[in-house]
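Each chain, letter by letter, is given below.
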Amino acid sequence: MTTTVADRPHGRAPLKEWAFRTCGVTGLKLDRQGELLIKAHAVVATVMLLIGGISALLILLTRWQTVHLLDPVMFYRVLTAHGLTMLVFFIIFFEMAVLYFAAGPMLNSRIAAPKLGWFNFALMLTGATLAEVMIWTGKADVLMTSYIPLRADPLYYLGIILFAVGALLVCFQFFATLVVAKRERTYEGSLPLITYGAVTAAIIAVITLLHGAATYIPTFLWSIGLIDVDPQLYRMLWWALGHSSQQINVAAMVAIWYLLGALTVGAVVLNEKISRTAFVLYILFISMASAHHLLVDPGFSSAWKVVNTSYFMYMAVLASMLHGFTVPAGVEVGQRLRGVSQGLFGWVKKAPWGDPGFSSLVLSVVVFGFVGGITGVTIGTEQINIVAHNTLRVPGHFHATVVSGTTMAFMGLTYYLIPLIFRRKVAFWRAAQLQPYLFAGGMLVFSIFMSFSGGFGVPRRTWDITFSGAPFEMAFHPVVDGLMAIMALGGIVAAIGGGLYIVITVWSVFFGEKFTEADRVPGAKGLPQGLTRPPRPVTAADEKNLPTGRLGHAPGTMILVAVFLAAFAIYYFANWKILSFVWKIG
Amino acid sequence: MSEHGKQDNGETMHTGMVAPKGRWWVPAHKSEKVWFAIAFAWCMVLFAMMPLWHWKGGQNPTGIRAKVDPVEFRARVDQFVDDYQVDVLNGFPVVEPPPGSDIYLMGRMWSWYPVLKLRKGVEYTLHLSSIDVNHGFSLYPVNINFQVVPGYNYGLKIVPTEAGEFGIICNEFCGIGHHMMLGRVIVTNEDGSMPGTTTVAEVH
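Those sequence lines, one after another, are chains A and B.
Here the first sequence stands for residues 1 to 586, numbered as in the numbering used here.
Here the second sequence stands for residues 587 to 790, numbered as in the numbering used here.
Because the hints were derived from the structure by calculation, they are not lab data.
On a predicted model such as this, the values are computed, not experimentally measured, just so you know.
Keep in mind that a hint or two might mislead.
To be verified - Below, in silico cross-link-like pairs of lysine to aspartate or glutamate (EDC-like), each with a Cα-Cα straight-line distance of 20 Å or less:
id, chain 1, residue 1, chain 2, residue 2
1, B, 743, B, 776
2, B, 607, A, 543
3, B, 653, A, 228
To be verified - So, partial list: chain A residues that the calculated Cβ filter (under 10 Å) puts toward chain B:
id, residue
4, 221
5, 457
6, 458
Each residue gets a CB set at the ideal place from its N, CA and C atoms; glycine is no exception.
Throw the hints in and build the complete structure from the sequences for me.
Structural data, given as structure tokens:
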């Protein structure tokens, strides 16, 4: 792992500032500037996670009616901060780090225009800070969605615009880096699948951020009194931003699934065509899927709703179902190629469960698919949305996708980034091994019980569900108290898991032991197994010896996806049944 | 050479970190094809269910939808109250419209206006709108939810299928008093008598 001043490859004039080091583990070349940009974005993402995480705990302890911690003003303020900080600032800062990683080190390339990178970073940080200040000083109590005509201080909208412009420029810089890598021939053949996934995320990010501009620029002008904005049009545009941005997360998360599979157990790509086509489906169909936020809105016809959610969204659902097969199947075949092939599930039993990168991968795939995916598609059905819209079923769904799915995957990757990018050992190793289980396990309980509460009609985004001070009396079914108490306990466990992650990463990065080649011995503390006992290279002979039964190369995965499909069908049709019990309406 | 499969030439099995060389647009393994076919078929089932429910099902968010000026909507609501008010409950007019008529419910910061008294098994056209910000119509304990957007009238044909007292929760954030925005719907028996069953306030 030496730092060298390398010539620019392929005959161009050497440039002194391109200082590369070669990673001793992956053989990848890292450009110094790119590395610093990755670090900066990752550090800010962690700070955002801390702000969003503390907010999460405060909200949880308020909605848990027994504790009911905050007053209403603070509750709605903290809820605004939680949504924006987590879903926009934390996740996009982390994704920008992923983009720099996928175009730079993954392709052995320098980062195009690093100075522009620092400008973008400053822009994003300024915008995020401005919006945060507006929220915490009480000038933007409008929740994350800021539905017009709720009005925030114009500077709040300006902050988001600055942040979005910065992020948009990072995407263009990412594309420029791809061009640089291609021109300087830093890799041969096609882009690696992981970079391809990142390209998908970046393209969706551009689409999303353009919708963001179409939403926030008119809103800013409206907030200073220049123009009028239609509330229904606002909702449509906002969700073209709000939902598509979740698809940046999904694309980035799936790319990280492939990466974690590769790093931990040498997971293979079964078929490039299938995996890449699935990524393209995300790009083609996801913007229209935003329509599923508007299924019970007055501004749109049923035909519009059905077309946008079914024709279009289900093709994105198909993409996720494909990745949901190819990722675990890649892990299974990767293990079988290396001789771990006893029975149907020997590869599961022998998997490195003590490697937090691997456990994060599995937990992310499982909770995202089984809970987030199934609930999302179901409540995103035109008619079923009648019994779900704006109840706790909605946050119950998206905490399973974006928290125990996307965030869990990001956390898992961090356990590799700490040694590979920050060149430190992971501190508090035992705690790090436990962290994914606490976080995803807690979040799983939280999401499921939140969904159940929503099934009883408990609204989201509401300070007090005893409705004290209302003109009428109303009480929820008594079972709701119990459900929400369990939800709160799950949330607290998840918060402990999230807190552990922050302590571990901050401590490792700033006070951690330096990581050297000599540390890479089996069983070493502070390093994930993918680094201490890396999966051995696959040979042609291994491939020839790969057992194939009636269920193909990955029989275990075939069983797992069959279970998934059965769970999906049961939940989906149970919801139609529930819908059929409510009043006739049309 | 690294341990992570850089030695691959892209034709043998490799990880997603490897840049595949040569032609990778090759037929998928059988198991992948099978799963693709199953997943696609399932997506078609998901697709078919929505039109099917429009055709056969009893709950659809279709509605009569139109833009409406909030001032005009408010005037219609006032007219509606004037025409059919029968009582006052907690300061709100209780309105009992004739079966089959158009009925109005107005969301505003922070109340639902007026209280509706409906009859079981009869169809009404419920007009929902807001005169200020977005609100969320959520009927408890039935669990029917609709978005209420200022400037838009959502006219939904509804048939109350059970008698009793029902709460209307606001489930879209509408400002600091959001959690106090609670309305009331009373559904009488078919003959117009008051239901003797458990009411929403007594559940606790």
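Report task. Please name the hints from earlier in the document that this structure breaks, with their numbers sorted from lowest to highest. Result -> 4
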